[in-house]
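Just so you know, the protein sequences line up as chains A and B, in that order.
Under our numbering, read the first sequence as residues 1 to 221, first letter to last.
Under our numbering, read the second sequence as residues 1 to 405, first letter to last.
A couple of the hints might just be wrong.
[Said to hold, decoys possible] Once the Cα atoms are required to be at most 30 Å apart in a straight line, the calculated DSS-like pairs of lysine-lysine come out as: (1) A:K116 with B:K6; (2) B:K298 with A:K63; (3) A:K211 with A:K67; (4) A:K211 with A:K41; (5) B:K395 with A:K63; (6) B:K89 with B:K131; (7) A:K122 with B:K311; (8) B:K298 with A:K122; (9) A:K116 with B:K54.
Treat the hints as calculated values from the structure; they're not laboratory data.
These are the residues of each chain, in order.
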Amino acid sequence: MLCLAGYSLYKTYTDIGQEIRVLQGTNLEVECGDFVCITGKSGCGKSTLLHILGLLDEPDSGKILIKGQEVSTHHPQANQIRNQQIGFVFQFHYLIDDLNARENVVLPRLIAGTNKSIAYQKADELLNLMELSDRALHYPNQLSGGEQQRLALARALINNPHIVLADEPTGNLDPQHSAEIWNLFQNLNRELGQTFVIVTHDPELAKLAHKSYELKDGKLF
Amino acid sequence: MNPAEKLFLERYIQSPKRHLWRFSFLFMVLGIVISVGILSTALNLFEGYERALKSVLLDSFAHIRIENINGELLPDTLISLTLQKLNSKPEIDSAIPLLTTNLMASNGEKARGTVFNAYDTTSVHMGNYAKYVKEGTAQLVQGNIIVGHYLAKELGLSLGDTLNVFYPRLDFITPLGMHPVETPLIITGIYHSGFYEYDRTLIIGTLQDARMLSGANDGFSCIEIRLKNKFADDINLYAEKYNKMLNNDLVALPTTNTTLLRLVKMQKWLIFIVFFFLVLISGINIISGISTQIYDKKNEIAVLKALGAPKSTIRNILGYQVILLCLISIILGLILGFIASWVIVHQNIYQLKGDVYFIDKLALYVAPFNQILIFILASTLVILCVQIPLRRIDKMQVIDLLRNP
Numbered sequence: 001m002l003c004l005a006g007y008s009l010y011k012t013y014t015d016i017g018q019e020i021r022v023l024q025g026t027n028l029e030v031e032c033g034d035f036v037c038i039t040g041k042s043g044c045g046k047s048t049l050l051h052i053l054g055l056l057d058e059p060d061s062g063k064i065l066i067k068g069q070e071v072s073t074h075h076p077q078a079n080q081i082r083n084q085q086i087g088f089v090f091q092f093h094y095l096i097d098d099l100n101a102r103e104n105v106v107l108p109r110l111i112a113g114t115n116k117s118i119a120y121q122k123a124d125e126l127l128n129l130m131e132l133s134d135r136a137l138h139y140p141n142q143l144s145g146g147e148q149q150r151l152a153l154a155r156a157l158i159n160n161p162h163i164v165l166a167d168e169p170t171g172n173l174d175p176q177h178s179a180e181i182w183n184l185f186q187n188l189n190r191e192l193g194q195t196f197v198i199v200t201h202d203p204e205l206a207k208l209a210h211k212s213y214e215l216k217d218g219k220l221f
Numbered sequence: 001m002n003p004a005e006k007l008f009l010e011r012y013i014q015s016p017k018r019h020l021w022r023f024s025f026l027f028m029v030l031g032i033v034i035s036v037g038i039l040s041t042a043l044n045l046f047e048g049y050e051r052a053l054k055s056v057l058l059d060s061f062a063h064i065r066i067e068n069i070n071g072e073l074l075p076d077t078l079i080s081l082t083l084q085k086l087n088s089k090p091e092i093d094s095a096i097p098l099l100t101t102n103l104m105a106s107n108g109e110k111a112r113g114t115v116f117n118a119y120d121t122t123s124v125h126m127g128n129y130a131k132y133v134k135e136g137t138a139q140l141v142q143g144n145i146i147v148g149h150y151l152a153k154e155l156g157l158s159l160g161d162t163l164n165v166f167y168p169r170l171d172f173i174t175p176l177g178m179h180p181v182e183t184p185l186i187i188t189g190i191y192h193s194g195f196y197e198y199d200r201t202l203i204i205g206t207l208q209d210a211r212m213l214s215g216a217n218d219g220f221s222c223i224e225i226r227l228k229n230k231f232a233d234d235i236n237l238y239a240e241k242y243n244k245m246l247n248n249d250l251v252a253l254p255t256t257n258t259t260l261l262r263l264v265k266m267q268k269w270l271i272f273i274v275f276f277f278l279v280l281i282s283g284i285n286i287i288s289g290i291s292t293q294i295y296d297k298k299n300e301i302a303v304l305k306a307l308g309a310p311k312s313t314i315r316n317i318l319g320y321q322v323i324l325l326c327l328i329s330i331i332l333g334l335i336l337g338f339i340a341s342w343v344i345v346h347q348n349i350y351q352l353k354g355d356v357y358f359i360d361k362l363a364l365y366v367a368p369f370n371q372i373l374i375f376i377l378a379s380t381l382v383i384l385c386v387q388i389p390l391r392r393i394d395k396m397q398v399i400d401l402l403r404n405p
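The following block holds chain B by itself, in its conformation from the complex (with noise of 0.2 Å):
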């Protein structure tokens, strides 16, 4: 940098308020800090929300199930030689045999359809639900089950209260059609894990009450697999490479919906792409807003000029002072986007819908990544709009600017 370069810069930060409150040069500022603070807080909002989707949908259940092609139960001894075979996979967290059906519960008045989810809990250890369940117990025995919290609350049910859930089995015609299979179960606990499908239908039970009320003495609808953390993100790999390895009687089906947290990425982007465009046009703000500069000091470019100074170091001492300003535009846009999003996340007059956006709570994540992102694309973008004006000094003739003061 050229000592002359510098004496402004330095003059400039010294006291910048002269300069600050320049009527352009305030609008530049907000249209920096403003559009920046917006594409900050989307990133932000989005980031939270793919992360915590992510997370429910990869912690709460399992990755992979194994079933029958045919859709029939797995007998025992398939699940016995299948476990096996999984046992000795390291990528595999847990395997656990499942029987599910499809039930219809009711509290008297309403009824819901839900998804009956039960576990050996005499031989196996928990499913992984067992972290999620906030009230109650965790712990299963015969006759009671775990229900997610908003079909407690929309069936107005709460620990303690009995369940009624109907099975229509094909083995009990009577004349008048199909008769149900009807039981009370009691709610001993609740679970809340976030993903709002699971918290609206599924109820979690035991082996003996789902064999009761399905009328089947053995077998297991399939076998459920976790995959350790690091392995997670490759669901669909391992769903493909234990298909070549099973029993042609058996498929492995991925259960985590990988498209959506792949669309849900997407979405951030194209956001981000949407959102960049405000910064873009704050880009056109800078190049006002130092075109009215280099008008307002015409005179100075002139001496400038005529004390020899070469066009790079006119353009440099105009330029370094408006680069300087919009880069502190922009790390206070980045703050401004910080402080937006932590109040959206925290305010309770708007509320995620869950049946909407699978999750129900708004989330907030402050990537390292993503704010780099946004400070050197807007900074590139300051930098540009920077120069576009500044050539006009170099076709300025000093005789002309002395001339016409």
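Excised from the complex, chain A in its bound form (with noise of 0.2 Å):
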């Protein structure tokens, strides 16, 4: 079954007055259960793309499909349909600062409104398997950039979302960290099913996902 899929997709910016064509007719279909890399050159789109896909950015023109439904930023649930389909996975993690790493877990879920007690038990169970439990307390700039980014990863599943999209979320972290996060990321799609679309500029990472595109000339191939 086709868990998010881009049709067409269209993109140009205007950077001191020069047009860059960043997306030209891209189309991507993404299974669910599907482990998912896009590569490509620094500035080729990637990230454009993924942020189309997550309905953060809206392309020019096209079509995206989560789970059969048509849905854009315009889209009048698009707020609850990034909180509880989509998860996020920044290369900057993007935890919040006065938060420790409980309370940063479980955010998505206390937005869309979820009883405190379950909320934060799932928040228990996430960083648990995140095998962050002993560091529930602290807050984000105690943290390694490996926690750290196991954290945001946490903060991305908490909503049980159909797919997460992850952009370049090895790319801040020394090659053991990013080991550690890509067997995490393996790990959660082959024993929860969980899906996976994954952006990053190491071709070698690449490999190791089920299918990979790489994005040139603004289509993927």
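Both chains come to you apart, so use the hints to assemble them.
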């Protein structure tokens, strides 16, 4: 079953008066349970594609479907879709400094309006899964880069999303922590059937995915 | 309140230090505390002044005077008849005949123009002045007087001293002109009414002395009426009512300056409006403080948007923290206002000038209505000022924030 699909996606930026065509009719289909990697040169539009698929950015044209339902940033339930059907992991993790690890994880669940005790129970399970239980009350600046990224992954998973979109999740990590995160993604995909679309500039890591695409001249190959 | 909004607010309350000492917030808080403090101080002092003045004006002496329309003395028979009519009025506390005359008073070196109020101490009870006699006795016998403390001070007199009073009588004409009648009177009481004009000019004495000075064998200048406290706000109304009831030769005149009281009340609210502009200016500080906060927190805003938080939730997360901080600042401002007005009232550096402000002592009164009014208006202003910059959040594009962290 198709979990996420993007058809005929076009996106053009204007930078200092010059038009940059990053997506030129890009198509992508992701089956539920897939582990998909998108590679490409720096600035080729990988992140843009991911942001468009995750309803964070709007394409100039084209359509996006999540579980067969057409969605866009203007969809009346766009916030709810971002909150409950999509999980994000960013390169710079973007954890909230004023909240501790447990509160950072539970946040999307609380935004969804879930009962506090149920939400924290789920957060504790995920912290356990990410081997961060002993760091639950630590603040992001008290955690290592690898721990911060695992925390961001736990946050992305808390609402049981259909798909997790990760933008260069290991781009800021040393090789050891990078390998840890990739193992985690693979385990989650294998054991829980979690769907992933991961953008990376590292072709070696992309080889570990079920499907790997290269974004070139605005299209996926 | 959404559970996420609640989480941020709880976090803010539990560890406010990290937020409180942000530079922009510090000025925001100071702005509110100082402006609300000034507004509260002004209102506490003006409320105190208004109440003190009203109390002195209504409490010290008569509220209404019934006089002869052509200014002549009222004969004893007319006084008795009028008093009979007035006795049945439930609003009247006391109605006392009074002989009043203007005199010169001298200690031998200095002289002052005074008003001599004389009561018939043998047949009626004492006037209300008795409770203001703070030194000596309020009981009057012929040859004794009670004077205001300012008059005593200006003429260097104290209890037991003699004050010479002069009355220019038309029936004492000499080849050198009008010859005043001179009488030495002994000061047996000194009163402090708190109303400067009374304390500086009024002498209270016996009817016998007044008649001896003026040469009148009978009659009174007027009947002084004091209303009961609960009717004291309607002096003009009762004066009008008595005018309709009285003989055509008589007129009832309100003696308490109700216009002055209305003026002071109006002045209090004018001051309130002027000082509320300070709170408005502190509102600009709030807008500026939140704008800085939004800039500082743009990554957080981006994450919240990416996590699917609705605009209202993001606005509330930031807004509730600022509103809470501002409400605490308003309460601190009210406390500061109370402390500042207490210090002003109890300091000795500046004293109120009685000849300008009618009373010579600053007074403090913390009226709950005023405090609630300041709190409600300042809170409303704060809430409005918080909403203005928060609307910017709606226009912020998550992708711009993520691309330019």
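TODO: For the pair supplied as a hint, K116 (chain A) and K6 (chain B), confirm whether the alpha-carbon distance does not exceed 30 Å.
DONE: 10 Å, holds
Open item on the list: With the threshold set at 30 Å, check whether the alpha-carbon distance from K89 (chain B) to K131 (chain B) stays at or below it.
Closed with: Cα-Cα ~24 Å, so holds.
- [ ] Verify the proposed pairing of K211 (chain A) with K67 (chain A), using a straight-line Cα cut of 30 Å.
- [x] Given that 30 Å is the threshold and the Cα spacing comes to 19 Å, the pair holds.
TODO: Would you check the hint for K298 (chain B) and K122 (chain A), treating anything up to 30 Å between C-alpha atoms as holding?
DONE: Cα-Cα ~28 Å, so holds.
- [ ] Could you grab the alpha-carbon distance between K298 (chain B) and K63 (chain A) and see if it respects the 30 Å cut-off?
- [x] 29 Å, holds
Task: Straight-line alpha-carbon gap K395 (chain B) to K63 (chain A), limit 30 Å - done: 24 Å, holds
Open item on the list: K122 (chain A) and K311 (chain B) were given as a pair; does the straight-line alpha-carbon distance stay at or below 30 Å?
Closed with: Roughly 25 Å separates the two Cα atoms, so the pair holds.
TODO: Would you mind confirming whether the straight-line C-alpha gap from K116 (chain A) to K54 (chain B) stays at or under 30 Å?
DONE: 58 Å, violated
Open item on the list: So if I understand the rule, the pair passes when the alpha-carbon distance is 30 Å or less; does K211 (chain A) with K41 (chain A) pass?
Closed with: 18 Å, holds
Going down the numbered hints, you'll see the structure goes against just number 9.
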